[in-house]
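Protein chains: 2
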Amino acid sequence: MHSSWIHPVLYVLAVIMILFAFINFEHVKKFLIGRPMRTKELHAKHNKLFWLIALPILSADLYSSVAYGPEAGVTELVSLGPSVKWIILPITAATVILLGMLIVSYIMGVLAYPNGGGGYTIARENFKKPWMSLIAASALLIDYVLTVAVSVSAGIQAIVSAYPIVGHYQTSLSVFCVIFILIVNLRGLSESATIFAWPNFLFIICMIILIIAGFNDEFQHGFIQSMTPPLGTVPTNLTILIILKAFSSACSALTGIETISNAVPIFRDPPVKGAIKAYITMGLLTGVTLIGFAYHLYVKGIPVDPNNTMLSQLATVYFGHGLFYQIITWSTFIILIIAANSTFTGFPQLTALVAADGFLPRSLMIRGDRLGYSNGMIVLAALSALLILAFHAQTNALIPLFAIGVFAAFTVAQIGLTRRWLKVKGSLWQLKALINAIGAVITALVCVVFAITKFKDGAWVVLIALPLIVFAAMAVRKHYDRIADELRIDLKTMHPQKHRMLSVVLISGIHRVVLNSISFAQSMHEEVIALYIGFDDESIEKMKMKWEEWDSPCPLITIKNEYRSLLQPLSSFINIVEVAEGGKPDHIHLILAQFIPNKWWQYALHNQTSLLIRAWFFKNKDVIVTTVPYHLHN
Amino acid sequence: MHSSWIHPVLYVLAVIMILFAFINFEHVKKFLIGRPMRTKELHAKHNKLFWLIALPILSADLYSSVAYGPEAGVTELVSLGPSVKWIILPITAATVILLGMLIVSYIMGVLAYPNGGGGYTIARENFKKPWMSLIAASALLIDYVLTVAVSVSAGIQAIVSAYPIVGHYQTSLSVFCVIFILIVNLRGLSESATIFAWPNFLFIICMIILIIAGFNDEFQHGFIQSMTPPLGTVPTNLTILIILKAFSSACSALTGIETISNAVPIFRDPPVKGAIKAYITMGLLTGVTLIGFAYHLYVKGIPVDPNNTMLSQLATVYFGHGLFYQIITWSTFIILIIAANSTFTGFPQLTALVAADGFLPRSLMIRGDRLGYSNGMIVLAALSALLILAFHAQTNALIPLFAIGVFAAFTVAQIGLTRRWLKVKGSLWQLKALINAIGAVITALVCVVFAITKFKDGAWVVLIALPLIVFAAMAVRKHYDRIADELRIDLKTMHPQKHRMLSVVLISGIHRVVLNSISFAQSMHEEVIALYIGFDDESIEKMKMKWEEWDSPCPLITIKNEYRSLLQPLSSFINIVEVAEGGKPDHIHLILAQFIPNKWWQYALHNQTSLLIRAWFFKNKDVIVTTVPYHLHN
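Protein chains in written order, with the numbering used here: chain X, 1 to 634; chain R, 1001 to 1634.
Please keep in mind that the hints were generated in silico from the structure rather than gathered at the bench. All residues carry an ideal CB built from backbone N, CA and C; glycine is no exception. One thing to keep in mind: the hints can contain errors.
Stated by the list, open to error - FRET-style restraints, in silico, Cβ to Cβ: (1) X:L611 with R:I1489: 20 to 28 Å; (2) X:V448 with R:R1187: 50 to 58 Å; (3) R:R1268 with X:N620: 42 to 50 Å; (4) R:D1536 with X:G322: 34 to 42 Å; (5) X:Y563 with R:A1356: 19 to 27 Å; (6) X:S572 with R:A1356: 23 to 31 Å; (7) R:V1577 with X:A356: 47 to 55 Å; (8) R:D1536 with X:F180: 48 to 56 Å; (9) R:H1392 with X:P82: 38 to 46 Å.
Unchecked claim - Computed, partial: chain X to chain R, Cβ under 8 Å: (10) S363; (11) V513; (12) R564; (13) A615; (14) F618; (15) I624; (16) H631.
Said to hold, decoys possible - Calculated cross-link-like contacts (lysine to any residue; reagent style SDA-like; alpha-carbon spacing at most 20 Å): (17) R:K1492 with X:C554; (18) X:K621 with R:K1546; (19) X:K621 with R:P1629; (20) R:K1546 with X:R488; (21) R:K1478 with X:N607; (22) R:K1478 with X:W600; (23) X:K498 with R:S1519; (24) R:K1599 with R:H1631; (25) X:K621 with R:Q1594; (26) X:K478 with R:L1556; (27) R:K1492 with X:H511; (28) X:K492 with R:L1556; (29) X:K498 with R:L1611; (30) X:K619 with R:P1629.
Same shape as in the complex, but just chain X (with noise of 0.2 Å):
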């Protein structure tokens, strides 16, 4: 009962917090993250790829959504029976259908924006308000972050599925695996490496043996076998509502179109034909997929078992345990991660750009030392690991939160191209517009039926964050805007000018330091006030008598605190000087000393008091704060 009290994630969090303690942190920065790197080696990085090769890079996303869209589709019909097992046919068929009319639409993206540009930019020139771009933001980063979280897990799944003696530790798993993506991006292996082409395609290739072997099989055996379940039948219980919520469920394989148009600069010359024929061969491909995949697990009845994946139950029963079994279980977790790993490009780039038009956090434009935007890499790989903790590393929960977004960001982005066609017109723009308005009827048809259907199971969660997503980004817009009109200075008229200053040395004894800071303040400024505060008339009266010892460098004033506190009394003095000036003076300057031991451990022996009076002063006051550090020797 007892014997797992700390989740074994926050013991690797303490074992790196007490390395970042002992070691220095530029060091394991370096063997972490690597080498620095100048701006300029950004555009040196990106190769033009040919397109057959672009495609296994770029189809990692949508293409593993295979492995559980499927499976999440009939986990929804589990409480009806074995008996409509048949429904995943039907629910795959509309599924396809619509990733064909997504396929098309993006096309139409691709000729639009030959750029690149993903929803939110197409939002963002297409509509004057910047609602709707933001919406298609939110509705898009939110979904990169459930796309990390289901990726990962369903990886772990797979493992899961052949290793059951790995599961009690799924979800420390998934963490570590994010927390290993986050470690590879901010190295800056890019998207595009052409290493990822690999073993997307060795997915690819194991799934058409594995539907070819199905249908190898049903030659043998009969398309109809006997522990095909009966079709068509309708139990009583069976409503629109379930079947719509498995279509939706099903539907979050279709997450990751948008991945090809966002990177249509990266293809070799013509990039739009390349990207269009790798668009045309993914959908097909995820369609022939999806179907054969679909249809073989109808055959073979495979029943929905938490613990083992459907795509392992089906590998088993033609395969066995065997070397082609392990193939597929690698290849499959290996392209999840991949797919996470996309996304580590996707979000921060977009972050990014909605950060460099003032909505988000402007740090998030900050490229780091291998010049990814390490922060909006590191705030993904924040939600995604807490989402994982949630839900503990369980697909399933996860999947109601998902696809929603997608959809969400799909409509925006096709009524934008529809009103862009509309203006910008150009050949066939008709049957362009056409295509897009269909679209976009579509995509918010289907994202109602996501949020009806999926309310309660989770979809309520995103339909609470989006807004306020929409909401907070304007505020950060707001905010932006009023401290750059706060801090324009008209530079003809508006020039530095020298101001009367009273220096404030606080001082707790005579010694060196004190030397050290009177020193400083005296080398600066004509009026220097040297303040000590005593807690008892003991302590005052002998540094009264010190001073005068020390020939009074500068004048002393004493505070007694009965409270034992140095800021309230500080604070008050501020004030009586404030006053006494004859209101506000220029400028009040606080001059504290500040030990620097010379070991970590030192630390703990000196108070750092100038820290807390500092941080308060700031917070409260309009003082300037100078510390003049001491550096310990011993």
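Dock chain R against the given chain X, drawing on the hints supplied.
Only chain R this time, still in chain X's reference frame:
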């Protein structure tokens, strides 16, 4: 399996952190801790107490341990089977004899130090080298922490025995108790509050009634009953080692004897007489209770049950689960909590004492708002909560770590007292010296027995921790001594001197904040340089042009950094200046601007680069850093 993925304690911590983030910290603090108190209120707090009132207050720690001491002894014998249950009788007898000797020794301590003197004071006054007193101090500090952990765990175990349903939350409840006691103590409810006398009286009365009920039962049903185990059987696997182990566990009932000797001044005049009366009464009460309790346990053949304390089982036998059982349960709980609570006075007083001698961080000497040594209290609470977490609030797992420290401290104190009598002499000094010498020998023996028999079970932790603490204390003292030497100045010859200073203002553009900072710099210095670090040629050219447009208020230096870092070029620049000035100049003064947002969430929108730069320079360079705050209005 995954249902409790995060420990409940973490939730509470999260809630507290969120509260602190959103609510004004001062208000929370005032609500939890109370208004600040003046230093002079300190002495008004202590009222002199009549010894009969002081007795229950000061005996909580010792007397409460009857609730777990005998059980801890018997637990060691469980593996030998039920036939050796009778050994509880000789072991308890030995414990009570040891108790008597310690009481007599401690009365000698009271006579020697009528102003109160714990093991540390006694050792410090009677040994020249600090080693012995530090051993006493470390041993006591370790034991204070263990007292809190054991008392709270035992208190919760009493509740769990009565209400098994809360058994799952044993650890969490124990940690909550520690936090609760901490808050109460931060408020400043002192150990000597007479309010604590009554629940302790109640527990003493409960125990006496329990013992009388036992004898009543035995008069009616015989002193040997059907369930009474046979007396004197010696199983072949009974070794001296096991008996010594049981004895040393049972001795955990003797912790807390030192409390009265530390608190002599709170007795009403004459204090020494009152303290001695209290010692004798407390010794008699504890001895009678231990023997009576052990005898009844033997007669009724009560077995060890980790989910039901022996006290709870015995009370059930006599009184069923009615009202009186409830009273026993809750008074046991309360006295154990009060025992833990009294430690919150002892530990911080001892750490303050040791810190005043320079062996512990000085922050332990600071009295908090409510006049208690808050930092010591927080350290005690944190350490004991960690112990409770690590040992899952299992009293029997904590016992092996216990008592060794107490007896080590006892030994040092007894040797110190012996030395004192030999030196000071006085009336009956030979007798007193003899008593303390015998006490020293016996406690030393007990200590060695503990260390050997309990080594494997956890005593090794203490045997490692104790010398480590002593070593750390010596290192702390050495550090403070060296610092004092380093800081000392000659008031006659060393006076503040004016230096030549170079002031560097780091700017990010031309706006109101920069105007502010340059105004400040020019108000103080003749030599001001503005430094701009750009990441590309374009921004640097733009900056130079704007600067000229602004009539160049001071020289501008621009640096291009392709690694998008401010720290590294800034640091190189300062290195260059240091060399260019012909060796190290007197002072380099770095001026940084810092945005102070209006609302807490706005901090996320502004890079806190100046904090990072400041921290880095303090650690690595001898540069004075001034932060010019800019309070954002929006």
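Hints, one by one, checked against the model:
Look at X:L611 against R:I1489: about 25 Å separates their beta carbons, and that is inside 20 to 28 Å. Restraint check, X:V448 to R:R1187: a C-beta distance of roughly 56 Å satisfies the suggested window 50 to 58 Å. At about 48 Å, the beta-carbon gap between R:R1268 and X:N620 stays in the expected band of 42 to 50 Å. About 57 Å separates the C-beta atoms of R:D1536 and X:G322, a value inconsistent with the hinted range of 34 to 42 Å.
Distance hint check: the CB atoms of X:Y563 and R:A1356 are about 21 Å apart, consistent with the given range 19 to 27 Å. Look at X:S572 against R:A1356: about 29 Å separates their beta carbons, and that is inside 23 to 31 Å. Evaluation of the 47 to 55 Å hint for R:V1577 and X:A356 yields a failure: the beta carbon distance comes to about 35 Å. Distance hint check for R:D1536 and X:F180: the Cβ-Cβ separation is about 33 Å, which falls outside the suggested range of 48 to 56 Å.
The hinted window of 38 to 46 Å between R:H1392 and X:P82 holds, with their beta carbons roughly 45 Å apart. Hint status for X:S363 relative to chain R: holds, with the closest Cβ pair at about 5 Å, below 8 Å. With a cut of 8 Å, the hint placing X:V513 at the interface with chain R holds, because the nearest CB-to-CB distance is about 6 Å. Given the 8 Å rule on beta carbons, the hint for X:R564 holds: about 6 Å separates it from the nearest Cβ of chain R.
Using the Cβ-Cβ criterion of 8 Å, the hint placing X:A615 at the interface with chain R is not satisfied: the shortest such distance is roughly 10 Å. The criterion of a C-beta within 8 Å of any C-beta in chain R is met by X:F618, whose closest approach is roughly 5 Å, and the hint holds. Taken as an interface hint, X:I624 checks out: its beta carbon lies about 5 Å from the nearest beta carbon of chain R, inside 8 Å. Hint on X:H631 holds. Least Cβ distance to chain R is approximately 6 Å, under the 8 Å limit.
For the hint pairing R:K1492 with X:C554, the CA-to-CA distance comes to about 16 Å; that is within 20 Å, so the pair holds. Taken as a hint, the X:K621 and R:K1546 pair is broken in the structure, with Cα atoms around 32 Å apart against an allowance of 20 Å. With a C-alpha separation of about 9 Å, the suggested pairing of X:K621 with R:P1629 holds against the 20 Å cut-off. At most 20 Å may separate the alpha-carbon atoms for a hinted pair to count; R:K1546 and X:R488 meet this at roughly 13 Å.
Proposed proximity of R:K1478 and X:N607 is supported: the alpha carbons are some 17 Å apart, at most 20 Å. Simply put, R:K1478 and X:W600 have alpha-carbon atoms about 16 Å apart, close enough for the 20 Å limit, and the pair holds. Proximity of X:K498 to R:S1519 is assessed by CA-CA distance (about 6 Å); at most 20 Å being required, the pair is judged to hold. Taken as a hint, the R:K1599 and R:H1631 pair is honoured in the structure, with Cα atoms around 11 Å apart against an allowance of 20 Å.
A threshold of 20 Å between alpha carbons decides the hint, and for X:K621 with R:Q1594 the separation of about 13 Å falls inside it, so the pair holds. With a CA separation close to 32 Å, the supplied pair X:K478 and R:L1556 exceeds the 20 Å bound. With a C-alpha separation of about 12 Å, the suggested pairing of R:K1492 with X:H511 holds against the 20 Å cut-off. Only pairs whose Cα atoms come within 20 Å are accepted, and X:K492 paired with R:L1556 is accepted, the gap being roughly 18 Å.
About 26 Å separates the Cα atoms of X:K498 and R:L1611, which puts this hinted pair outside 20 Å; it is violated. Between X:K619 and R:P1629 the CA atoms are separated by roughly 9 Å; this keeps the pair inside 20 Å, and the hint holds.
The structure shown violates the earlier hints numbered 4, 7, 8, 13, 18, 26, 29.
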